[in-house]
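Trainee: Here are the chains, one letter per residue:
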Amino acid sequence: MYRLGIDVGGTNTDAIILDDQQHVVNAVKRHTTADIETGIANAIAGVLADQAIDRSQITKAMLGTTQVTNAIVERKHLGRVGILRLAAPATLSIPPYTAWPQDLVDALGGKYAIVNGGYEYDGQIQTEIDAAEIRGVLADWAGSIDAVAIIGAFAAMRTDQEEAAAAIVHDVYGTDFPVTQSHAIGSLGLIERENASVLNAGLYAVIANTVSGFEAALASAGIANAQLYLTQNDGTLMTAEYARHFPILTIGSGPTNSIRGAAYLSGQKEAIVVDVGGTTTDLGVLKNGFPRESSLAVEVGGVRTNFRMPDIMSIGLGGGSIVREHADGSVSVGPDSVGYQITEKAICFGGDTLTATDVAVRLGMTALGDAARVRAQVTQRVATAALAEIRTMVETAIDKMKTTAGDANVILVGGGAIVVPTQLAGVGRVTKDPQGGVANAIGASIGQVSGEYTRLYPYAEIPRETAMVDAKAHAEAAATASGADPATLAVVEVEEVPLAYHPANANRVKIKVVGELIE
Amino acid sequence: MRLIDESAIKNIAIGASFFGAGGGGNPYYGMLQAVAAVRQYGPVKLLDVSEIDPAAWYSPVAGMGAPAVGLEKFARGDEYQRVFDAVAQYTGHHFAGTFPIEAGGGNSLVPLTLAATMNLPLVDADSMGRAFPELQMSTLALAGVTTTPMAITDVQGNTSIINTVTGKWAERLARAETVEMGGTATVSLYACTGAQLRDHGVTGIVTACELVGSRIRDAHRDPEAALTEILDITHGYELFTGKIIDVERRTEKGFNVGEIKIDGYDDYEGHKLSVMIQNENLIAIRDGQPITMTPDLIEILDAETLEPVTTEVIKYGKRVRVLGTPADAKWRTPAGIACVGPRYFHFDYDYVPLEQLIKEAK
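Line by line, the protein sequences are chains A and B. First residue of the first sequence: 1, per our numbering; consecutive thereafter. First residue of the second sequence: 1001, per our numbering; consecutive thereafter.
Check before you lean on any hint, since a few could be wrong.
[Claimed, not checked] No farther apart than 20 angstroms at their CA atoms in a straight line, the calculated lysine to any residue pairs in the SDA-like style are these: (1) K287/A x E270/A; (2) K1318/B x K111/A; (3) K76/A x D1266/B; (4) K1318/B x G143/A; (5) K400/A x K1010/B; (6) K1010/B x K111/A; (7) K111/A x D160/A; (8) K111/A x V303/A; (9) K1243/B x T488/A; (10) K402/A x K1010/B; (11) K1318/B x K510/A; (12) K402/A x Y1265/B; (13) K510/A x L296/A.
The hints are simulated quantities; they were obtained by calculation from the structure and are not laboratory data. A quick note: this is a predicted structure, and the numbers were derived from the prediction, not measured.
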């Protein structure tokens, strides 16, 4: 039995085959193509070429892809969304789409209604929903929208109104009509949760195309028995069927896959992962084996959202970073880079641009290209100064990702990792792996399945123990729905945040469980 | 007179976080509200205090309640007009304009929404020149302007008038009503004449917020130049450049209390700064000596973007620039110091002006 893992990045599409011991059988890199699908098909063909693998023994296929992110950034293939906000008379002062880029609003159709509804901070009803009012709005929208996003005030406290409104949508437009309910997408912060829900609702066609394209690529490669999974931005997998309902969860899965792959290669669960590419370096934090989530509002395509995203910091350092000596003798590294042209432009490859890779060659950190050529053109002084600059950039970035002053362990991965010194201040142990170059595809294919649940519980009314049991049950149900074996589920994260000045002693409780893929 | 448009509102929001000196909360929802209002009703007229009628009456509006509740249940939009009209009706005054009660967080922007909807001018003055946590902390109150009559309302349309014997009583009663109203409410208080606002308010604060905000929004081009300009605009001082090495936080009597420790680099290599917080940044101590004390302002900014860092989001490893800004002269009086000086917040220091502390440190 084998797993096939695919990771679509901005420059490369990587594919790997893992056996049932999770050993890498083969790994390839192919250029990412404009249509994505051709690159995926090429990578699958490449990784299977010359391999005596019975295609019917490939039982799981995992895809980490940027298609959903691209659709938002390029405003392409988005569906038309009707936004139903259940909150009137509150919240009328900020209509949906207020701080959105206009071209994205146009792409989504711009339809919205703020109707009666919403809860109070303690779960009491602020305003009852009015079925006739909702039916009236839906009648107006008939034929002009492809999906509905429902956002209720304090939906993180009680979900009944959102569920009732969704039932009305299904009654009017049919049971298959796509609906996003905000309580499944984000937490406290109505505008940010609404924004994320609207994006999710606009992405149903994109995710459907992504899944069917992946199915077609597998079928044409003769892989017929594989269960399909997509990678999520928390480093776990979801079934293709689950992904069809939550396309937004794939956004940001690229860096996450690298972090998970790095964890797998190094066997570590607590570390800072430094993924050095050609142009940029992404840093993420491995916490209990999973990527740490960002605690700040995250912008997606120019829109502020609050759905979970990995906490990633990018700096302008990569293998192709251009190194310059200035008039005053100082040396700078990046932020511009020769990027994918490194094999023509770098001095070690016969070009005339001094890059970070040349610095590594000059100082004997790697045996790449023509070392004699580099020695002839680059002085020891410039190379040493450039390495000192690289060291400072990486050390500073690592320090910013830490939460305490002690030494952290670092895992270096990515094609550009050769330019980073392995002795760093503030760092305990640095781990590098020869297969670090395809850490992202490895991360995509080794994934487990997670489920999480976030809700506000007013402890004045719902005791803490009851709240914890309730949240865990919901998280387990979500994990099972995305393809986990219920018998293997374990709690990996419990977060309990009291809300400042909250009259009913409300706490935001988040529970996350993780388990193995069901066979 | 000049017009405040959408871009100016975005600048004011960032500048208000600067003058919030660590407090005041997130201005994002207040900013969205003001943007939506000027899109619908057009830009707002901003008047300098020299342009207002000294005999006319003016009244501010503000939001009150738990910040987390305001993220889900924010205003319908007509509450501002309702409290404004309620105070006018109760007192018999006709209000010629409005103004912000404080700089910092959403409340610096709430009166813009009222001004846009009612086509009223906004006066370039407030009653703090920064953010403070309690209703009676106001330069207008120092000069004898009473907190009440005050109006309070909710999204449903319930309204009441509060008339109390002291500002502290107004705080207590309004808090209780806010809870019953669902955790958030809209208030109008400190109604005063143009002459009182001119003489006892902190004047020019809206413009100062806008100027500082616009420099911060452009700071990525040249942070050093932007910082110099900000110090010019605010007559401020650079206190420190460093990395946050420890954040100690706890809740005491409903307040967010703690200490931020910063290790210096660049010009401050080998030096240490610690900032004592209680919702706002209140005391800065450099190498064991106080260098800025409340009511003077302590601003902690991101070292690269110069974005103000509020006390809720500060964390280990962040590189920051720390500035000090002299408070308005009205706070630097015996009555002002008694109201918001170090001892009011239980710090064992006698207030010394920032300029003098800087001179002594050299």
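Trainee: Each hint should be assessed against the structure and marked as holding or not.
Mentor: A quick look at each hint next to the structure:
1. K287/A x E270/A: Roughly 5 angstroms separates the two Cα atoms, so the pair holds.
2. K1318/B x K111/A: violated, 41 angstroms
3. K76/A x D1266/B: Roughly 47 angstroms between the alpha carbons, so the hint for K76/A and D1266/B is violated.
4. K1318/B x G143/A: Outside the cut-off at roughly 50 angstroms; violated.
5. K400/A x K1010/B: With a Cα-Cα distance of about 28 angstroms, the restraint between K400/A and K1010/B is violated, given a limit of 20 angstroms.
6. K1010/B x K111/A: Outside the cut-off at roughly 25 angstroms; violated.
7. K111/A x D160/A: violated, 24 angstroms
8. K111/A x V303/A: holds, 17 angstroms
9. K1243/B x T488/A: violated, 43 angstroms
10. K402/A x K1010/B: Distance of about 32 angstroms is beyond 20 angstroms: violated.
11. K1318/B x K510/A: violated, 26 angstroms
12. K402/A x Y1265/B: Holds, at about 18 angstroms.
13. K510/A x L296/A: It holds: about 16 angstroms lies between the C-alpha atoms, which stays within 20 angstroms.
Hint check: violations occur at hints 2, 3, 4, 5, 6, 7, 9, 10, 11; the rest are consistent with the structure.
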